[in-house]
Structure formats: structure tokens, C-alpha cells
Amino acid sequence: MIEFKSVSKLYPDGTHAVDNFSVVIPSRQTTVFVGSSGCGKTTLLRMINRMVDASSGSIEIDGENIADTEPVHLRRSIGYVMQNSGLLPHRKVIDNVATVLFLTKVPKDAAYARAFELLDTVGLDRALANRYPGELSGGQQQRVGVARGLAANPNVLLMDEPFGAVDPIVRVDLQAETKRLQRELDKTIVFVTHDIDEAFLLGDQVIILEKGAQIAQKGSPEEILANPANEFVANFIGADRGKRRLTVDSKVKSNGDDLVLIDAGGYAAGVISAPGGKLAEGTATPKSRSVSNKTSQAGDA
Amino acid sequence: MNWVFQNFSTIWGYVLDHIGLSVPAIVVGFVLSVPLGYWTSKSPIARSILLTVFSILYTLPALVLFVLVPVALGLSILDPNNVVVALTVYAMAIMIRTANDAFAAVSPTVRESARAIGYSPVQRFFRVELPLAGPVLLAGIRVVSVSTVSLATIGGFIGIPSLGSLFLTGFQIQYFPEIWSGIVAVLIIAAVFDLILSTVGRILLPWNRRTTRRRAARAVAVEVTA
Amino acid sequence: MNLIQAGFAWIFDPAHWSDSSSSVGIGDALVQHLILTGISLALTAIIALPIGFYIGHTGRGRNAAIFLSNAARALPSVGLLTVLILAIPFIKGIPGNYLADVIVFVILGLPSMLTGAYAGLESVDRQTIDAARAIGMTEWQVLLKVEIPLGAQLIVGGVRSTTLQIVATVTIASFLTQVTLGTFIIAGLAQNDYPKMLGGAILVAALALILDGILAIVQRFASPRGVSRSTTKSKKNTARGATNASTQPITEGN
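Residue numbers (numbering that gives the first Met the number 0), protein chains in the order written: chain A, 0 to 300; chain B, 0 to 225; chain C, 0 to 253.
Isolated chain A, as found in the complex:
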């Protein structure tokens, strides 16, 4: 469990990147910090592995104040995935994944064995192991980044807008992978994004932030959708634009008893599949629950 206690970050030029932030991040769940650029979400994340040190307040991981832990030691026990994968371009993929293991003096054979396992875990072909990052696609690089983050089997995984730089189709894939990893590996994931749909998809706990890391609303996706706390939140989740409220479109006659749903703007957003209707009842896959009309998602029934 990670706990922020009245944490503030004040920069020399006077800006309060983080102002008196307190929150508990439960173990074995995905907590998402979401907000627009400059709200301080990345600063919060980077305080957890002491890439940024708080000006005041404290952060505790499992009861221990991280200010008492040597930063390098701390970072080797926390996984960190950045937006541009941050892979070392002059090391092969397999060496990149094994980097933290080498740093912690794990013997070479064991390190490589584990690295190969991790490639499987993140869904990469083992044949890519001897390639260099520059030869991989963006999506593949991000997977390597995740594999590297998981290498030392940390309890905590920090992910800083890891899917921001890949194209939408790959992003959907990677989001699904992340959900699967969370289910299988049971890690505490702290995820930063500016995309509310991504936050709702991945987060067990979603924390919507305003400037200075002020908490606008905190809760599960369902709680937030059901009851946006204020106008800022409503704007942010698109509630005001009527994207979240779906009604049956009476004008469209569909085959069988299936009903077409439209949002407040009149755009078709989905279909309710009636028993005996034309559409097969699909299994609910976590592939995408996005209700925004931003991206077209393959496979949404």
C-alpha cells in the first residue's frame, strides 16, 4: 500500500506542482491519476520512486517512509514504464529487459531465463530478444518497457502515460494486456494518463486531478460516472456533452428486437442486444468499454 501524507512539491520559481496531496493507494489494484497537462500527475508518480523528492509531507510504501530509503535501492525495487519506453538504444531487447536484474547482481543465466519468461508474459515473440530497440515498432518497444518494469518482480509498477505515443489500435491492445497482467500478477499499479476513457478502462480507483494535484474526485469508474462531484469532473468525463447518457433511438428500426442506443448528440453509440435478437450475445471482453466517439475500435459488438 502506498500512502501520500500531505505531500507538496514547490519549485524554486514558486509553482506548486503538488499542493498538500493526501491519498491512499491500495495494494494489488490499479490506481489511475488522470487530469490535463500540468496538473501534477506525473510529478506525483515520480515522487513514488524518488525521481522527484517532495518539498514537504511524506510518502510511505507499506508503512515505511521512502525518504529513509536510498533512492537507487528504492528504484531497483519499483518497476517504471515511461511514455517513450525509455529503452537503452544500445542494448539488445533481452539485455534491456534484464537490466535491473544485472544491477541487482542476479547471475547471468538466471537473469536471462527470467527475461525470456517476461517476453512471453508481455506477449512478445522470443525471436525479438536479440534485436535492438530501434528495430522494433512503438507498440513492441512499449511491451519491452513493461517487461523491464516487471523484471525484478516488484510489488509496485509505475506507468507514466505509457501508451500515449502509439497509435490507437495498438493502444487498445496494450490496454487489454495491462488489464490481463494486473489480473494475473496481482501488482499494485499506479497509472498516469490524460485520457479519461483509458482511466475508466484500467482503473479500480480513479483519481481526477486539477492543477496543483488537487483531487477533484476520487472513486471507482462507476461511482464517478454515476455521480460526477462537480462541474469540472462532469466536463472532464464528457458528461456535459451528453456522451455518457444513452437512450433508445426510436427512429431506427432494427432487425429483431435489438435496440439502437444513441447519445445526447444523436450519435449512435451502441446496441442493446435483446434475447432472441439478431446479435449474438457476446462474452464481455475487457477489450474496450470506451463510450467516446474518439476512436474506432475493432471488435466492439
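None of these hints come from the bench; they were simulated from the model.
All values derive from a computational prediction rather than experimental measurement.
Be aware that one or more of the hints could be misleading.
25 Å max Cα-Cα, derived SDA-like pairs, lysine to any residue [claimed, not checked]:
1) A:K91 to C:F220
2) C:K144 to A:T103
3) A:K91 to C:D129
4) C:K144 to A:N129
5) A:K91 to C:P223
6) C:K144 to A:P153
7) A:K186 to C:D129
8) C:K144 to A:A128
9) A:K178 to A:N154
10) A:K91 to C:V141
11) C:K144 to A:V105
12) A:K107 to C:E138
13) A:K91 to C:Q140
14) C:K144 to A:D94
15) A:K104 to C:D129
16) A:K91 to C:A221
17) A:K107 to C:V141
18) A:K104 to C:P148
19) C:K144 to A:P70
20) A:K104 to C:K144
21) C:K144 to A:A109
22) A:K91 to C:E121
23) A:K91 to A:S76
24) A:K104 to C:E138
25) C:K144 to A:L73
26) C:K144 to A:I93
27) A:K107 to C:P223
28) C:K144 to A:R130
29) A:K104 to C:P223
Given the structure of chain A, go ahead and fit chains B and C onto it with the hints provided.
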């Protein structure tokens, strides 16, 4: 300092000689390098040939070039024009590469939109590409100016009058003030040239902010060492 | 063009390779030249590289370094050469002002190598360095395993410039104190012996080109595998999904 005052006319004579060697080299070097640099930024073949040739010439120590140029051109060794030609070659070695990078850095988007607006290629060059390459070109010519003024001193060692002659005679008679006067004079000339160039630059390139210039200067500085 | 041929003829005349009463042999001069260059280069590297790495890694002292390299470009090397050779007292036992000359060569060579070192480190993508720190590398590990390998091309570029600078200055030193390949140029000039003068010039040119060529090859291969080998200055887009069309330039920060 007394020595300086006593021998001022001699020193001044050398100053004029020195300027006479440096200025033509800087000017001609610049004027030739800009179109050549433009050409190399468009044509990979031109780039590999020209940059390689000048890179080889730049490798040669100044003394060597001062000796080989007269042979190549059939001039007498003691003709000051040798030094001017050699200095021009060095100036071009630096400036062509700088001009190449300056023009290559002009955003293709801007070039395309200029074309779409209806500029002819000549208009595009003078009204869009040249001004946009301006800051880096300016930084380049400032580097060339300083380099040339400094290199011109070597001419003094083979009998062509310049401020370098002060170093030679000063060394031979083991007299420091003579040497120092030479060094200081070179620095002053370099500073004056730089001031002139940066003022001209500021007049011609009013949109050029401090950051662009510093970045460009840094780029050139890194270049010349690499 | 006959003169060029005469110059080559002079070089290949075996009599000129050994010491004679009137003149030193090419062999000796060449060896001297190489020794002076080598010692100066080594000393320059020992001093300039650590300082340059410190500046590049921590970012401190940058302004001083930039000022130094600009000053070095402006100061006439021959002027400094004469001043320093006169100023540094002759130390007994070391042949012909050796120490003084080497000190001078080192001072003149420092700026190029210093600039190469810190520019090389600065050219490394900040994100890669950040990632290396974030996964738990110590500062030394970041420097040795990430910054130096990735900045190697520019660092070697600095060594290359310095080598040329030193070779050139050593040539001129023959005007003043040392016997080097430059001696032939000066003697040839003084004696109106054009073949000798040209022979000397050609020898120096050859030496410079050979050394530069070797270092150019080293520079090309200094870059670790997997990173772009091009000699262009922009390192921004290397190794970051440059192959696949799906990656677009990343513009937004946080």
C-alpha cells in the same frame, strides 16, 4: 607598453596587412559557400563530394596549405594571395557545412507552403529559405571570422607580413611585449569583426531572438569540433 | 606540377631518410613528430576527458567551457606557442625545451577535446538518461554505461579535431625549437630548396590525412550497435521506433 607606442606604426602596418589577408578570405568564403551549401543540402551527390573534398583540405595544417597553394596555382611563395586563397579554403570548409545544415534545417512544411502560395524557386530562395537559414548562417560566419583572423597569423611564419610576424621576431629576440602586442591586436580585430557581423545580423534578421542565436551558435560550435 | 613531382622525388630519395651533416633525416623527424603528437594527445586526453565528462554529466561549468572553446578559437595558436615557450623555463635534462613544448601543445589541444566530451554527453537523449536513473542505475553507471557509449561519436570527434590541431602545432614548433617534419618546410623555404619544402609539406599532409582517416573510422564505429551510425548531428530520432510508421513524433510532455 612603451614599446607599443614607440613601434605603433609598425604594428599598425601589420594590422592593415592582417586585415587585408582576412577580410577577402571571409567575404569570398562566405559568398561562395552559401550557394554551394544550398546545393549540397539538395543534392546528396554534391554533398558527399564537396564535403569530403573540403574536409580533406581542412585536415591539412595551415602551414602545409600555405605551401601547397602557390604550387597549385603557380604563384610565388611570397605572394600574399596564397595566404588569402588558403584562408578562403579553410573558411569554405567550415562555411559550406554550416550552410548545408542551415538550409537543411529549414522546415519542409514551410517550403511546401511557400510553393503552394505561388513563389517561384528563386523567390522561394531569397524570401523564404535564405532568411530562415539566416541565423545559422550568421553564427557560421562569425565562427569563420574568428578562425580566419587567428589563422592569418601563420602567414607571418613564411614571410608574408601579418600580425604573426610580430610573434616570429618577438620570439627570435626573446621579447615578450612584441608577442603580446600581436596577440592582443589579433583579439581586438576578431572582436571588432564579430561586433560588426552581429550588428549586421541584428539589422538584417530582426526576428532573430537570443535563443535561436545561441542554439545556432552552439550547433556550429559542436559541428566544428566533430 | 613538376614541383609536386620533385617533392615526391625528394621524399623517396633514400639519402634523405638518414641523418646527414647538413640536415636531419626524414625518419628521425617523423619519429619526433609522432612522439610529440602522441605524448601531447595522451596528456590532453587525461586532462580534458574527465573534465568534459563532468561538465556533460552534471551540466555545471558549461558556460565556462563554452567561453573557453570560443577563446581558444580566437587566440592565435602560434602566438600562444611563442609566449609559452619563452615563458616556461627550460628544465634541465629534458632535450630542447621538450616539456615546454608539450605543455603548449596540450594547452592548445584541450578546448577541442573538452568540447567534444561534453557535447557528446549532451547529445544523448535526456529521456534515455532519465529512464536509466529511474530503473535504479547509480550516477556512475549512468555515465559509464549510457552517456559515454551513446555520446561516443562526438567524443571521438573531439579527439579527432585535437589530433589535427596538435599535428599542425607540432609542425609549426619546428620554427621555434623542435625538430619535426615541419623542419623540412622551413629549411626548404630558407634555402630556396623547393623540393625539400614540398617534400616536407607532402609528408605532413600525409600524416595528417592518415591519422584523420584512422580516427574517422574509429568514430564511425564508436557508436554502439543498435544506434544510428550516421555522422549527422541530430540524435533525436535514433532508436525510437524510427522504423515503424505507427510511431509519430512525440510532441506532448506532461
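Sort out whether T103 of chain A lies within 25 Å of K144 of chain C, counting only the CA atoms.
-> Since the Cα atoms of K144 of chain C and T103 of chain A sit roughly 15 Å apart, the hinted pair holds (cutoff 25 Å).
Under the criterion that the straight-line Cα-Cα distance not exceed 25 Å, is the pair K104 of chain A, E138 of chain C satisfied?
-> Judged against 25 Å, a Cα distance of about 17 Å means the pair holds.
Taking 25 Å as the top limit, are the C-alpha atoms of K186 of chain A and D129 of chain C close enough?
-> Satisfied, since the Cα-Cα distance of roughly 24 Å is no more than 25 Å.
Quick one, are K144 of chain C and P70 of chain A close enough, alpha carbons at most 25 Å?
-> Holds: K144 of chain C and P70 of chain A sit about 19 Å apart, inside 25 Å.
Starting from K107 of chain A, check that the Cα of E138 of chain C is at most 25 Å away, please.
-> 23 Å, holds
Regarding the pair K144 of chain C and P153 of chain A, is the alpha-carbon distance no greater than 25 Å?
-> Judged against 25 Å, a Cα distance of about 23 Å means the pair holds.
Could you grab the alpha-carbon distance between K91 of chain A and F220 of chain C and see if it respects the 25 Å cut-off?
-> Holds, because 17 Å separates the two Cα atoms, which is no more than 25 Å.
Does K104 of chain A pair with K144 of chain C here, judged by a C-alpha cut-off of 25 Å?
-> With a Cα-Cα distance of about 16 Å, the restraint between K104 of chain A and K144 of chain C holds, given a limit of 25 Å.
Within a Cα-Cα threshold of 25 Å, do K144 of chain C and D94 of chain A meet the stated pairing?
-> Status holds; Cα separation ~13 Å.
Pair hint outcome, K91 of chain A versus D129 of chain C [Cα-Cα no greater than 25 Å] | 19 Å, holds
Has the given pair, K144 of chain C with L73 of chain A, been kept, meaning a C-alpha gap of at most 25 Å?
-> Cα-Cα ~20 Å, so holds.
Can the restraint linking K144 of chain C and A109 of chain A be considered satisfied, given a maximum Cα separation of 25 Å?
-> 22 Å, holds
Consistency with the previously given hints is maintained throughout, with no hint failing.
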